[in-house]
Amino acid sequence: MTDTIHTTARPVLTRDNYPTWLESFQAYSETKGLWRMCQGKELYPTPVDATALTRVERVDIEEFETWKSKACGEIWLAVEESLRDDIRDVKGEPSQMLDTLERKHNQKVPGTRFKAYNDFLNISLRTELESHLILPALITDISNSVSSIRRNRPEDFDIGKLDAELATMVALRALRDSDNAEHRAFATNFLMKEDLNFADVESTILRDFQTKPKIKQEDTAIAMAAAQAGPCYLCEGPHFVRDCTKIEKAKKLLAHPRGKGKGGNANTTDSGANSKPPPTPQATASANHATEFAGKVLLHT
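Under UniProt numbering, residue 301 is the last one in the sequence shown; the count climbs by one each step, no gaps.
One or more of the hints may lead you astray.
With a cut-off of at most 16 angstroms between alpha-carbon atoms, the simulated EDC-like pairs for lysine to aspartate or glutamate come out as follows [unchecked claim]:
no., residue 1, residue 2
1, K70, E93
2, K115, E165
3, K41, E93
4, K193, E165
5, K161, E182
Since the hints were derived computationally from the structure, they do not count as laboratory data.
Predicted, not measured: the structure shown is a model, and the values here were computed from it.
Let's have the full structure, built from the sequences with the hints guiding it.
The following block contains the structure:
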């Protein structure tokens with residue numbers, strides 16, 4: 001183990017960059033010869049007699065402790081300050097520090113994978129970048145997102161589980177984006193489970209549907225009828241007053257009432273051939289209806 005001069009910037013772990021951080025930190029620590037120590041693969045020197053160390057044994061132990069301290073320091077500094085409490089109790093053991101960070105930030109549970117899938121499907125062009133950087137950035141974002149999905153899978157993950165999780169993800173996305181608060185609560189509760197599968201989502205949705213009070217058919221008919229236009233105030237037809245085709249006719253009737261000619265009053269009677277027979281009851285009723293309709297128009301206008 002020899003120290004090396006390097007200019008690689010130390011990557012910093014945040015709340016949502018663990019997959020890419022781990023790749024970068026591995027490369028970073030390898031340039032310093034610390035990755036095996038971080039993994040716990042460097043073995044502590046075993047002296048022949050721990051009570052009587054030789055000079056060589058003492059040098060080996062001191063060198064091991066020095067590199068171990070360096071590994072611990074690099075991990076500590078590579079974690080965002082607000083997240084360091086997670087590893088404070090194990091800060092003297094580099095492999096335990098990394099294991100703790102993985103358990104905290106890379107939980108291989110359905111909820112974590114759902115977030116990774118969701119981030120993957122929401123990738124879009126970063127138009128705020130310069131034009132020549134937009135497409136390379138898209139490829140990088142896709143590659144990093146796929147790596148995140150793969151890292152969140154357990155070792156026994158197979159295509160069957162992928163199909164089930166995709167079905168679950170579609171259901172949860174729909175529930176999460178619903179305007180119904182109960183639907184959104186369903187999605188939140190499911191994502192908190194360590195063992196999430198589509199069968200559970202399906203059974204819960206169906207159970208909730210069956211326990212909801214069913215809407216009676218007559219209630220539906222009443223609601224549909226209430227949504228229809230009308231009846232018209234003027235003619236009682238199935239439309240609004242503004243759409244009544246008879247309203248213009250009624251306005252003309254008001255402007256030029258029947259029975260009044262150019263020469264005088266309707267009550268003036270002519271003699272002989274010019275005299276008209278008295279109106280029939282049907283004609284009288286029709287005239288009364290027209291007058292009533294015209295009156296409604298007058299009130300409405």
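Results of checking the hints against the structure:
Taking the CA atoms of K70 and E93, the gap is about 11 angstroms. The hint holds against a cut of 16 angstroms. Restraint check for K115 and E165: the C-alpha separation of about 12 angstroms stays at or below 16 angstroms, so the hint holds. As the CA atoms of K41 and E93 are separated by approximately 12 angstroms, the hinted pair is consistent with the 16 angstroms bound. For the suggested pair K193 and E165, the alpha carbons sit about 13 angstroms apart, so the restraint of at most 16 angstroms is met.
For the hint linking K161 to E182, the alpha-carbon distance of about 27 angstroms lies beyond 16 angstroms, and the restraint is violated.
Going through the hint list in order, the structure does not satisfy hint 5, though it satisfies all others.
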